[in-house]
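Q: Chains as they are written, first to last, in my numbering: chain A, 1 to 286; chain B, 287 to 546; chain C, 547 to 892.
No lab work stands behind these hints, which were simulated from the structure alone. Please note: incorrect hints may appear among the correct ones.
Unchecked claim - Here are the computed lysine-lysine pairs in the BS3-like style, where the Cα-Cα straight-line distance is at most 27 Å:
#1 A:K239 <-> B:K494
#2 C:K789 <-> C:K837
#3 C:K662 <-> C:K699
#4 C:K662 <-> C:K640
#5 C:K699 <-> C:K640
#6 A:K196 <-> B:K469
#7 C:K699 <-> C:K713
#8 B:K469 <-> C:K640
#9 B:K379 <-> B:K469
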Amino acid sequence: MNAAPAGKGLGPLLLIAPAAVLIGLFLVLPYLNIVVMSFRMPGQGTPYAPGFTFGNYGKFFADSFYILQVVNTLWIGFLTTFLCLVLGYPVAWQLARGNSAFRAVGYGLVLSPLLVGIVIRSYGWTILLGNNGIINRTLSNWGIIDAPLPLMYNALGIVIALVHVFLPFMILPIMSAIQGIDPSLESAARSLGASKVTSFRRITLPLSLPGIQAGCILVFVLSLSAYVTPSLIGGLRVKTMAVTVVDALIDTFQWPFGSALALMLSITGAVVVVAFGRLTVMKWKV
Amino acid sequence: MSKPFLTLYCLIIYAFLLAPIAVVVIASFNSGAFLTFPPQGFSFRWYVVFFNNEVFMRAIRTSLWIAAVTMVISGIIGTMAAMFHVQYAGRLKEAVRVAMLAPLLLPEVLTAIALLFFVYSVGIGTQTMFGMIVGHVLITLPFVFINVSASMESYDPSWSMAAQSLGAGRFTRFRRIMLPLIKPGVIGGCLFAFIISFDIFTISFMLKGVGMSTLPIQLFDYLRTNFTPEAAAVSTCSIVLTMAVVIISEKVLGLRIHRF
Amino acid sequence: MTEVSIEKLTKDYGQGPAVNAISIKIAEGEFISLLGPSGCGKTTTLKMIAGFEDATEGAIRFDGSDVVRVPVEKRDIGMVFQNYALFPHMTVEKNLAFGLEMRKVSRAQIREKIAKVLDMVQLAGYAERYPRQLSGGQQQRVALARALVIEPKILLLDEPLANLDAKLREEMRVFIRDLQRRVGITTVYVTHDQAEAMTMSDRVVVMFGGRIAQIGTPSDIYERPASLEVAEFVGQVNIIRGKVNGGIVATAFGDVPVSGNLAEGTELMLALRPEAVELLPAGSGAGVFAKVLSSYYSGSLVDYRLELENGARVNVQAFPRTRFADGERVLVHAPAERFWPLGATA
């Protein structure tokens with residue numbers, strides 16, 4: 001019996017109306033507005049001036065500084081995603097297949113960082129990695145180093161902190177993908193003579209690919225658009241594109257140019273995501 | 287990987303996940319201005335500094351107020367949307383789900399930029415909290431939606447039909463039958479919306495007006511120029527507050543909050 | 547007590563009618579079953595009577611007044627759902643009180659009525675239990691009590707026994723039937739199980755493809771089916787073909803007289819139920835010879851597959867008093883009145 005009570009009249013539509021208005025008016029429309037904004041004339045003393053131009057994009061392509069910054073941001077994104085995958089997969093496997101007592105605790109441990117604000121987590125890394133941070137001061141107190149190691153204000157520090165911030169977003173989709181794999185498939189592979197490693201490589205790993213894909217896309221997109229972590233850890237020395245965009249909007253009020261930068265970053269990110277999706281396309285149907 | 291090795295590996299990753307948070311908490315109780323290992327001594331001095339700092343106290347009040355307003359609006363809109371999604375969406379079910387999760391899937395920076403332009407172009411600007419609250423509602427809406435939808439999925443529509451056959455009108459059916467049965471999802475979703483709203487940074491940062499700094503903004507501003515453990519004391523209080531909400535909801539109310 | 551009249555009731559979801567202009571008159575206190583395979587429109591019909599589905603066309607009258615525009619909650623029906631739909635957050639007592647509260651019945655009366663109905667369904671003492679603390683059969687009886695306690699005009703049951711195991715199902719058939727007789731309430735019962743429909747109903751409505759194939763008493767439906775489809779749906783049947791010749795059809799079992807104005811030479815299908823055929827040891831009397839191909843023993847009965855001398859195969863059901871071995875030659879005999887003409891073959 002498909003017992004959904006027949007929707008009578010407009011009643012049910014009233015349920016979705018507030019959400020539809022909210023998302024339509026305050027999400028879809030504003031996003032479209034970014035595109036329009038990127039073609040507006042830059043203003044003097046105002047965020048933008050009347051009229052339209054391609055000049056904002058021209059400015060982006062004319063200056064290798066911005067292109068280099070996009071490349072830099074992509075590189076940080078790739079590295080973060082790769083490290084999250086490598087570090088997170090075994091944990092996801094353990095959470096999906098390990099013994100249950102450990103699993104509940106582990107699940108809580110993976111989730112709890114998400115409940116702590118991003119500013120605080122990034123701050124934690126500055127305490128750890130800073131020139132006066134725990135690692136450097138402890139090492140110099142012990143006489144192991146003379147000058148502080150450059151752990152912060154560079155791409156390395158940003159990647160370390162980003163991996164920390166986004167690791168749960170890699171672990172959780174992979175975990176649920178592995179949970180969705182019937183364990184008897186691995187048993188079947190073993191019964192057919194496959195070693196533990198082979199059955200993992202030939203059965204579990206390929207079947208968990210959808211989770212890997214989802215996790216990688218999520219982490220990559222989040223890394224490209226991260227603002228707080230790069231801005232606190234990178235300081236003024238290393239800037240990612242998202243930081244430059246926000247600064248262009250907040251500090252210098254260059255709305256049209258900032259929009260063009262944001263769109264260029266989004267387009268590049270989208271191209272990478274689509275290409276990645278194509279490359280890892282599943283050849284079987286689950 | 288052998289079992290003990292895998293377990294050890296996982297423990298290291300968990301330590302990595304918790305390290306920066308633990309460090310913040312430890313630093314807040316450290317008597318010195320810089321945290322070293324081992325810590326220099328136990329002290330509440332940074333908490334005293336923090337509690338006497340009116341700027342931070344005002345930011346906490348602002349954050350709590352915004353989180354409460356956000357929770358109520360998001361809770362109502364999200365619950366209604368989840369009811370529609372599970373009961374009436376039909377073939378549009380997947381489309382509704384994607385649309386409702388969109389604020390979660392889209393980069394927060396872009397959403398913040400989009401909203402900033404929008405509130406200015408329609409003349410609202412950032413003089414009021416309107417833009418900021420809309421942003422918070424957008425970001426928290428998916429969490430309410432996910433939690434209520436999960437409860438709704440185990441809600442059997444024939445319960446409503448039975449109530450109707452017994453003479454209950456639309457409102458009575460909702461109040462007497464559906465609401466009590468989906469209550470865990472609604473409360474869980476609302477509490478989660480509160481926590482998320484309390485921690486939102488980018489949206490607040492871009493849409494804040496003069497004198498509307500939330501706690502994360504105030505902390506961020508402070509950290510750009512200062513490194514004293516006062517920030518750690520502020521952070522620890524914020525962490526404790528969040529954890530208290532989670533522990534109360536999961537242990538006392540027995541809720542299982544769906545985060546994804 | 548209420549008389550229900552369904553007139554040219556039609557439901558169209560936009561892909562052709564799911565229920566196609568059906569008309570049924572249900573007498574006061576009558577127990578009617580809607581029987582048919584899944585997708586035949588029986589559940590849709592029930593939902594239209596209840597008000598959960600809007601009728602595309604047609605009328606549903608309770609005691610003469612059309613209720614098509616009346617919303618479910620105002621229709622004064624009692625409904626038992628396939629999965630019982632007991633409110634999980636309410637005790638048995640609260641579940642039973644719900645409909646009475648909607649009717650603004652006083653507290654004292656509610657208590658009284660609940661006690662009475664719990665007695666009736668033999669669940670006195672279960673008032674404080676939650677639905678999950680009850681067995682399937684008990685939940686079923688609570689659902690029944692909840693529908694009856696409001697003293698509705700009409701009782702609607704949607705495959706209420708489908709989720710019970712076989713033994714309990716047979717008990718509940720008798721229980722529901724007896725209860726319905728005692729209360730005397732007009733009842734519409736939806737099922738795809740022909741045995742259920744036959745044992746419980748005063749009349750059975752057989753439906754195929756949104757249309758009524760036959761309305762009749764259980765014995766009408768079984769012994770005098772209106773079509774081959776009906777005959778096959780309500781039980782096993784042998785189809786014997788033959789030509790009309792002078793009011794008689796010659797079959798392998800002998801001549802069968804047929805009534806009605808049938809043209810000479812018409813090819814007829816005759817229905818013959820397996821238990822209508824008598825099976826005798828060879829050489830013991832009148833009949834035609836047949837060979838036992840196989841037999842299946844099921845305790846109270848034995849099913850035989852037989853081959854007649856003309857090569858036709860028939861299924862026969864007999865008591866296991868006398869057993870025949872596979873390959874044995876036997877005599878079969880079927881009285882002429884047990885053949886039922888189904889109409890001309892296409």
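Q: If you draw a straight line from the CA of K662 of chain C to the CA of K699 of chain C, is it 27 Å or shorter?
A: holds (19 Å)
Q: Holds or violated: K379 of chain B and K469 of chain B, Cα atoms, limit 27 Å.
A: holds (22 Å)
Q: Tell me if the straight-line CA distance from K699 of chain C to K713 of chain C falls inside 27 Å.
A: Outside the cut-off at roughly 31 Å; violated.
Q: Is the Cα-Cα distance between K789 of chain C and K837 of chain C 27 Å or less?
A: With Cα atoms ~25 Å apart, K789 of chain C and K837 of chain C stay inside 27 Å; holds.
Q: With the threshold set at 27 Å, check whether the alpha-carbon distance from K239 of chain A to K494 of chain B stays at or below it.
A: holds (23 Å)
Q: Within 27 Å, alpha carbon to alpha carbon, are K662 of chain C and K640 of chain C?
A: The hint holds at about 15 Å.
Q: Would you check the hint for K196 of chain A and K469 of chain B, treating anything up to 27 Å between C-alpha atoms as holding?
A: Roughly 45 Å between the alpha carbons, so the hint for K196 of chain A and K469 of chain B is violated.
Q: Taken at face value, is the distance from the CA of K640 of chain C to the CA of K469 of chain B at most 27 Å?
A: holds (19 Å)
Q: Are the Cα positions of K699 of chain C and K640 of chain C separated by 27 Å at most?
A: Holds, because 22 Å separates the two Cα atoms, which is no more than 27 Å.
In the structure shown, a violation is registered for the earlier hints numbered 6 and 7, in ascending order.
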